[in-house]
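Got chain A sorted already, so can you dock chain P onto it with the hints?
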Amino acid sequence: MSQSEKLSRTLQRAIDGDAHASEELLPLVYDQLRSLAKARMRKVPPGNTLQPTALVHEAYLRVAGKEEVNWNSRGHFFAAAAQAMRQILVDQVRRKRAVKHGGDRQRLDVDDLEIAIQGPELDVLALHQALEKLEKEDPRKAQMVLLRYFGGLDREETANCMDISVRTVDRDWRYVVAWLHRELDPDGPE
Amino acid sequence: MTRDSPQSAESIFQNALDRSEAQRRAYVEHACGADTQLLAQVTVLLDHFDRAGTSFHEPRGAGWAAPEVEGYTVGALLGEGGMGRVFEAQQHGPLERRVALKVMLVGLAPSAVPRFQAERRALSRITHPYVAQVLDAGTTSTGEPFFTMEYAPGLPLPEYCDEHELPLSARLDVFARVCSGVQHAHEQGIFHRDLKPSNVLVMNFSGEAVPKIIDFGVAKLLDDETITLASDFIVLGTPEYMSPEQTKLIQAPVDHRSDIYSLGMLLYELLVGALPWDDSFRSRSWVEQLRIVSSSPTTPPSAHEVDPAMAARRQTDPAQLRRALSGPLDRIFLRATNHDLDRRYASVSELRNDILEFLASPPQASWRDRLRELFR
Numbered sequence: 021m022s023q024s025e026k027l028s029r030t031l032q033r034a035i036d037g038d039a040h041a042s043e044e045l046l047p048l049v050y051d052q053l054r055s056l057a058k059a060r061m062r063k064v065p066p067g068n069t070l071q072p073t074a075l076v077h078e079a080y081l082r083v084a085g086k087e088e089v090n091w092n093s094r095g096h097f098f099a100a101a102a103q104a105m106r107q108i109l110v111d112q113v114r115r116k117r118a119v120k121h122g123g124d125r126q127r128l129d130v131d132d133l134e135i136a137i138q139g140p141e142l143d144v145l146a147l148h149q150a151l152e153k154l155e156k157e158d159p160r161k162a163q164m165v166l167l168r169y170f171g172g173l174d175r176e177e178t179a180n181c182m183d184i185s186v187r188t189v190d191r192d193w194r195y196v197v198a199w200l201h202r203e204l205d206p207d208g209p210e
Numbered sequence: 007m008t009r010d011s012p013q014s015a016e017s018i019f020q021n022a023l024d025r026s027e028a029q030r031r032a033y034v035e036h037a038c039g040a041d042t043q044l045l046a047q048v049t050v051l052l053d054h055f056d057r058a059g060t061s062f063h064e065p066r067g068a069g070w071a072a073p074e075v076e077g078y079t080v081g082a083l084l085g086e087g088g089m090g091r092v093f094e095a096q097q098h099g100p101l102e103r104r105v106a107l108k109v110m111l112v113g114l115a116p117s118a119v120p121r122f123q124a125e126r127r128a129l130s131r132i133t134h135p136y137v138a139q140v141l142d143a144g145t146t147s148t149g150e151p152f153f154t155m156e157y158a159p160g161l162p163l164p165e166y167c168d169e170h171e172l173p174l175s176a177r178l179d180v181f182a183r184v185c186s187g188v189q190h191a192h193e194q195g196i197f198h199r200d201l202k203p204s205n206v207l208v209m210n211f212s213g214e215a216v217p218k219i220i221d222f223g224v225a226k227l228l229d230d231e232t233i234t235l236a237s238d239f240i241v242l243g244t245p246e247y248m249s250p251e252q253t254k255l256i257q258a259p260v261d262h263r264s265d266i267y268s269l270g271m272l273l274y275e276l277l278v279g280a281l282p283w284d285d286s287f288r289s290r291s292w293v294e295q296l297r298i299v300s301s302s303p304t305t306p307p308s309a310h311e312v313d314p315a316m317a318a319r320r321q322t323d324p325a326q327l328r329r330a331l332s333g334p335l336d337r338i339f340l341r342a343t344n345h346d347l348d349r350r351y352a353s354v355s356e357l358r359n360d361i362l363e364f365l366a367s368p369p370q371a372s373w374r375d376r377l378r379e380l381f382r
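Residue numbers (my numbering), protein chains in the order written: chain A, 21 to 210; chain P, 7 to 382.
Chain A extracted, bound-state conformation (with noise of 0.2 Å):
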């Protein structure tokens, strides 16, 4: 069985309920995400990046193939892919540090893949941390952060995948704004 066809199988039991499954999905998505993520590097000039949103609506293309899918498979979809991402990125950092520190002087290996959220001074590291922090306070709102961060949805793709209101989001987002400006902002009043 492809990667592929087993991440859609996967898929498949995680939105029959099965929970067993919605574990195993984060793994195979990781993987799968990763190996996207070669392939286009290939592709690019060194010193390029990829763009993680863009990555996860590809996975998300060719699990989805192209058959009309509802957002109860989507919603388990992305919120995976979301995950994946995150940890994507985070290891990527962390990896990174450690050729820094290491003092291994060698091109990091072929393995290592250049994703960045784009933007400047784009903390991962720090908005992984307080992610973590979010999601012991208010799992709901730490949930929207992954979904919109990570998964690159939008206001409305992430009320329909959290089966919430898009005012409902437009309110918890003004929250989010202020909240992880608060955590993130070095110099800001506590």
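Everything labelled a hint here was simulated from the structure, so no lab data went into it. As the structure is a prediction and not an experimental result, all values here were calculated from the model.
Simulated restraints, written as ranges between beta carbons of each label pair:
#1 A:Asp51 to P:Ser332: 52 to 62 Å
#2 P:Lys254 to A:Asp183: 29 to 39 Å
#3 A:Arg117 to P:Arg30: 37 to 47 Å
#4 P:Asp323 to A:Arg29: 55 to 65 Å
#5 A:Asp36 to P:Ala40: 45 to 55 Å
#6 P:Val216 to A:Ser24: 45 to 55 Å
We put the CB at the ideal spot given by N, CA and C, even for glycine.
For chain P alone, kept in the frame of chain A given last:
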């Protein structure tokens, strides 16, 4: 958010944001009462909300800070899209002027800067009254490419038409002007690639509707070799106005005829106030929207339901509107949006000529009367 009062701090924060800025302070103080700790929490949250500006609002590929650009004072955010954000800005030299400054949400490899500049020079050669002039380009202090263009505070084309309750003839007249702007750029070998309402702004000059097409050729600036992203990931524009070939789900060249398709969609929206997609379109994922765009042939405007309110916004009644829509306008739309590139209009001027011809010989007497009224 602390453990003892997370709900209340959050709900006061939310309620405060629902009020006007003038009322906010008084409300927060009232709601927190004697609880100074709560007051401090809410104040900090509101402060961070204000200072965050728009940096967290659209996380899809979003940057995190307002741009700093040498020689400009960057002001309010005017809008944002998949490719970048547009700010109002004041240029300080060589001219002191107000401009629209667009920052791209993509990286630019240093080796690509000359090409970016060359493209920008090509764009600045488009001088047409209905196309916003590209003025300057470069990179921000954090390295993202930006360019500036003529500041054009207008309403998106369909909104303008509805707001001014323009009759069909006046809508078509503005549309023909838009066509002439697009045509001019095409003649310089530049096509837009992302024509949609937010890129066609209309201003009112002494009662005359003057369109300004913005972002001309921006998509080109983001072409494969210029930009550091894997270009096959960037699917430009909202799928609603995107031509089937631009979805990349079908094999066909993307050229100036993609603009003609997008113009067709704009025309449809001007005529009936909606797009030919059904209601479920917007709730679908981006990927599914692309699939629909690439595979479903468009349906004619006369097939769209006509209601009295919509007719009233066009200063007519449903029966007349229905009559006006069928016939030449149906054919014009279907030809502009034909999935078969060989059957689509070969040039914008052909499309524009058909519109002008329609305007010159409207199908009914009542139409002629209305036109006479309009031009009296």
